[in-house]
Amino acid sequence: MVGSTHEELEQGLARVLNVASITNLQRLSGGASRETWRFAADGDEFVLQRVRPGTIGGFQVEPRVLSAAYYAGVPVAELVVDGADRTELKAPFMIVRAVEGETIARKILRDDKFDTARKVLTSQLGQAAAHLHQIDVSSIPGLVADDQMMRYQTVLRDLGEPHPVFEAAFRWLEINKPETTSSCLVHGDYRLGNIMVNDNGLSAILDWELAHIGDPMEDLGWLCVRAWRFGGAFPAAGLGTYDQLFDAYASVTGVRPDPDVVRWWEILGTLKWGIICISQAATHLMRIARSHELAAIGRRVCENEYDLIELLTERTQ
Amino acid sequence: MTAPHDRPTAAELLEALHEWMERDLLPGVDGRLQFHTRVAINMIDIVRRELELGPDQEVRHQEVLASFGMNDDAELAAAIREGAFDANLVDVLNRLRPVVEDKVRVANPRYLL
Chain A
77 MVGSTHEELE
87 QGLARVLNVA
97 SITNLQRLSG
107 GASRETWRFA
117 ADGDEFVLQR
127 VRPGTIGGFQ
137 VEPRVLSAAY
147 YAGVPVAELV
157 VDGADRTELK
167 APFMIVRAVE
177 GETIARKILR
187 DDKFDTARKV
197 LTSQLGQAAA
207 HLHQIDVSSI
217 PGLVADDQMM
227 RYQTVLRDLG
237 EPHPVFEAAF
247 RWLEINKPET
257 TSSCLVHGDY
267 RLGNIMVNDN
277 GLSAILDWEL
287 AHIGDPMEDL
297 GWLCVRAWRF
307 GGAFPAAGLG
317 TYDQLFDAYA
327 SVTGVRPDPD
337 VVRWWEILGT
347 LKWGIICISQ
357 AATHLMRIAR
367 SHELAAIGRR
377 VCENEYDLIE
387 LLTERTQ
Chain B
237 MTAPHDRPTA
247 AELLEALHEW
257 MERDLLPGVD
267 GRLQFHTRVA
277 INMIDIVRRE
287 LELGPDQEVR
297 HQEVLASFGM
307 NDDAELAAAI
317 REGAFDANLV
327 DVLNRLRPVV
337 EDKVRVANPR
347 YLL
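Protein sequences appear in the order of chains A and B. Counting from 77, one number per residue, gives the positions in the first sequence under the numbering used here. Counting from 237, one number per residue, gives the positions in the second sequence under the numbering used here.
Hints are supplied without guarantee of correctness; some may be wrong.
Stated by the list, open to error - Capping the alpha-carbon separation at 20 Å, the derived lysine to aspartate or glutamate pairs in EDC-like fashion look like this:
{"#": "1", "chain 1": "A", "residue 1": "K183", "chain 2": "B", "residue 2": "D266"}
{"#": "2", "chain 1": "B", "residue 1": "K339", "chain 2": "A", "residue 2": "E237"}
{"#": "3", "chain 1": "B", "residue 1": "K339", "chain 2": "A", "residue 2": "E86"}
{"#": "4", "chain 1": "A", "residue 1": "K253", "chain 2": "B", "residue 2": "D242"}
{"#": "5", "chain 1": "B", "residue 1": "K339", "chain 2": "A", "residue 2": "E386"}
{"#": "6", "chain 1": "A", "residue 1": "K253", "chain 2": "B", "residue 2": "D322"}
Hint data in this document are derived by calculation from the structure and do not stem from the laboratory. Note that this is a predicted model, so its numbers are computed, not measured.
Generate the whole structure from the sequences, applying the supplied hints.
Shown next, in the form of structure tokens:
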């Protein structure tokens, strides 16, 4: 049964790419709603992402965002087929040219192999963010604005678990809301774990499914959230200083990010990750997916409460 | 030891389980299963720490809530959400700090700065 599905997928891919045959088709990973495959065709390597058949979901605007980023010179995989509205593979899909590199944060932060990469990665992340923020959003039909604060307030309320620290953080964010300086394409999940790194540094920015229109500083703040430092000693992706990040950003845009605004987004990011932790545990508790790994994430909620207290009591002293 | 139960205590049972997983189970697994085994060992340790520290922490939590004139976290969360503490949010956070530190001390003590 599994074999025939595999064969069907090979045949489908051959039709989509208009090639005689597909080789080395292998499953890379499977999230809850998407599966990732790697394969070769005519001597080139590709990656297929497909909505897991039988689940609801799609790619919507993501392939168009990826393509716009590629043509703007942002390091991303090249889009080969936008299958968001196609049916040959039984579920929405997209195919990109394969990019080589490491995604596991702890390896990027610690392995000797990435010594050289670590020296340049913070600057590359600052520059890449600046380039992606400069993309003309009118070139990406379907991209919509997203009010992150309102979204996560609703998520927290719907989860129904009381967290006084999170409520205090929301009040603080509301009272201290920065005036949005500009509105642009935001990656939406810009962090270690969603980037690919080779020996020379950044090779690709991955996972564009949360891209939206918003404040560019959202991406810089999220990059610096403590959870995404993976134990690293520095704020930017665990390995760079705020100054390194902001200088690199300014070298592209000519405008240096306002540290207070980035901080505001880092605080919202910390709050957001705390709420996501609650909802991951809820996935287990509500028996949507039983998993001790998801259950354990529920006990990481307090790390974010702790970080929020550190951030907010230091900030307003 | 909690009457009427015999030794090993709940904590001693978890300790034995932790030791077995670390000594005999972990070396024989790799990849995803190894990661999931580490998660499981971590969970055992969370419960061990909660058994040890939980009773005192519960008292402290109630004291902090009482200092706000609240019965539980739901009441306090609702009051904060409605803006009752807008003028002194930093004070609220400072007073909640010991409770949150207690939670981290059970969940992941290495996280404390």
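Hint check, failures only: Of the numbered hints, 3, 4 do not hold.
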